[in-house]
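Top to bottom, those sequences are chains H and P. Using the numbering used here, you'd call the opening residue of the first sequence number 1 and step up by one each time. Using the numbering used here, you'd call the opening residue of the second sequence number 293 and step up by one each time.
Treat the hints as calculated values from the structure; they're not laboratory data. Values in this document were obtained by computation on a predicted structure and should not be read as measured data. Careful, some of the hints might be misleading.
A few chain P residues that don't get close to chain H, going by computed Cβ distances all over 10 Å [as the list claims (entries may be wrong)]:
| hint | residue |
| --- | --- |
| 1 | Leu-364 |
| 2 | Trp-397 |
| 3 | Lys-427 |
| 4 | Ser-543 |
| 5 | Ser-634 |
| 6 | Ile-736 |
| 7 | Lys-783 |
Partial chain H-side listing against chain P, Cβ under 7 Å, derived [claimed, not checked]:
| hint | residue |
| --- | --- |
| 8 | Thr-174 |
| 9 | Lys-175 |
| 10 | Leu-181 |
| 11 | Phe-185 |
| 12 | Leu-204 |
| 13 | Asn-205 |
Even for Gly, the Cβ is constructed at its ideal location relative to N, Cα and C.
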Amino acid sequence: MKTVLTLILILFLNSNLLANDNISRFGFLSYSNINLNFKDARDSLSSWIEDLGLSNNIKVSVEFYNTLDELFFAYKNGKLDMIVISFSDFYKNKTFLNNISKDYWSATFNEEKYTQFYLVSLKEKNINSFKDIQNATLSLEKYDTVSKLWFDKNSLTTNNKDSEKILKKIYFETKESTPLLNVFFKKSDLAIVTKDSWNSMVQLNPSIEKKIKIIERSEKIFLPFIGFFSKDTQEEKIDIFFKITSKIEDTIRVEELLSLLKFKSFFRLEDKYIDDMEIYFKEYYNLKEKYD
Amino acid sequence: MFKLINEKLFGKVFVLIFLAIFIVLSIFTYQASILQKESILNSLQSESKTMADAITFLNKEEMIINNQIVVLEFLNEFLNVNNQIETMILSRKNGNNIILKKNYWDTVENKFEIYDKSQIDVSSYEIVISPYVEKEVFKYTYPIYFSGVLWGWLHIDLSLDEYESKISQMYQQFIYLTILMLFSSLILSYLIAKMVSKPIISLNSVSSEIAKGNLSIRANITTKDEIGILAKTFNNMLENLEFSQKELKNSHNKLELRVQERTKELENVNSQLEEKSKLLKELNDGLEEKVKKEILKQQKQEQLLIQQSKLAAMGEMIGNIAHQWRQPLNALGLVLQNIYYSYKMDDLDDEFMDKSIKKANLLTNSMSKTIDDFRNFFKPNKEEVIFELTDSVKNSITLIESTFLHNNIAIKYVVEEDIKVKGFPNEFSQVILNILTNAKDAIIEKNILNGEVTINTSKDNSYAYVKIVDNAGGIPKNIIEKIFNPYFTTKEEGKGTGIGLYMSKTIIETNMNGKLEVENIQNGALFTIKIPLKEILNDK
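Model the full assembly from the supplied sequences, consistent with the hints where possible.
Spelled out as structure tokens, the structure:
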């Protein structure tokens, strides 16, 4: 999954400031094991968001939290107006979050709203399906819990076993491109990559396609992350947020932010967008419960 | 301005200065462009080296353990964030090569030769056409050392867009600068050329006006340099010239008046000349007759002169004879007186008479001889003969000696014997006699108490010399040049004819090829007679 899933992005508006001074404040919260690249760019990210707010007459404050518990605590206590988390974390805390949240949104990495995962292997390896993953080594992006969930579900379905019990070793890589390169340079037998990542890597080096084959393709139902506002957040502030994100292509600072996070665009999430994911997650947890 | 440019001198100076400035600026621009290019290349090299240092430093461990994945990802990201990089090749010694460019990477065994060539022990750079991006790039090759061991090379091909942009910008600046300097040069050249040539052109203009005759014009140049001084001098010269011209005009006018006057005078003269010519013609018509008359008149005068000369000579001769005779006549008188007293005393005897007669005869013979001597002396020689110069001089002295003694004038002579000359001895003696007579007359006239005349004869290899010196005080300077002229005399009327020295000079110089000269010495006059020796004459 995208590096953004290693982050907890919280944008919160300071209602007091807004009410009194007609300005708002945005903030970010992250895990301690946040992606290095993002960590390097954290100051820039804060600066960009603050500048972006100022250009819309909003004062934005950016804050970072080290753990999910701290994040939820702050959100639950009304200190945060909005958080962004992975769909896995959302699904696990779905009941709690739905009770205090509204106005869900997400971002795309391409023209399509959903993300698709590929399971790839060297052509010279005799691995053609999930049936052949026994004792294989796998590389995937660290913290991409959704792709891991997809692999596990297929392993459970095909082999009736959790992947960690079948695979010889799993390499968690911090960079999105590393899993595929691990296969290319024969460090790993298998790799899970997003369709976007595969396409961009093949574009960079067409010989990848000659050496590596796609064994399985996931359903196109996955979202990279999910963001939502606290029910206590004023509608005016939410409107400002969606107003800004709706014209991101015209805003230089937002473009820079999206380039850093590799987003294509923001969009409001309606129920239908997450229904399939919810069903998929429900099936997975059922299978896991069944075989564990 | 264009009027000035048309002026030849201004044009030349302008073009010269403009070209000089333009050439200097061109050279400066050319040098500056080279330095600027080098500077930009050095900047690119420095940038490339910094990149290579950073890549090597950050991937040192991964390179050592040959973790190509991490290195590749790093290089890819590095390349993506550095738009300037066109291509990167990480070439491991004795290993494969990772080639990266925008939106492309690959691992290959071999790469293009231009990259292999630059894989040496030290870093290098050059501008080449990259076979990977097919355009010119700044290719920098960086050898990677770990613990002093060569690990491989990192080739970084930088885009030349910035370089070309800078170069383009530089050229643009140079163009602006060139245009600016061109205009500045034009203005500067114009000002300098104007400053240098304007005074000269002004002078030239003034000269042209002067050439047309306008002398009232002046050069209006007030500078203190050489041109200013020249203009000042020029103006002074013009003032002088104008003044001179005015003077000349006045002179011309005066001259015209003079010419008119002179013309009138000439006309008068002409008319007079015409009259004279008429008279001359009339004279010419009767000239022959007149000449004959004049010749006759001259002959008569000469006859008269000769007559006078003869009479004078005769007078001289008689005087000299009288002086010569004075002693024998006294002696004869004494003889006669002795005879008378002897007769009265009756002592007159035969013996006494014989003795007295002998004595008287002796005296009369002596007197007769004197006459003969004078007669011979004045008898002109008809033919040239060789004669002893000293004898001739002595003869002359003998003739005049008594006269000198009578006047208490001493004659000294120092003679050299055996001087033979050819000529007319009597005429020569007459010359000596003339000079001695003149000396005597001068001494008597000036009342010189111890009158003295010295005669010296001598000779050299060619000539005989007779020098006669007196102590009469010399000949006055104003007449010394005239004494040999005919009819010139300082003597009282009747005492001198004025032809003695004239005749003497004629005898010596015309008849005897000699020379008669006079000069004043300390106390008197020195007459020098110079006659060729007979040997010389014979040789001739």
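inquiry  = Hints numbered earlier in the text: which of these fail when held up against the supplied structure?
reply    = Numbers 1, 2, 8, in rising order.
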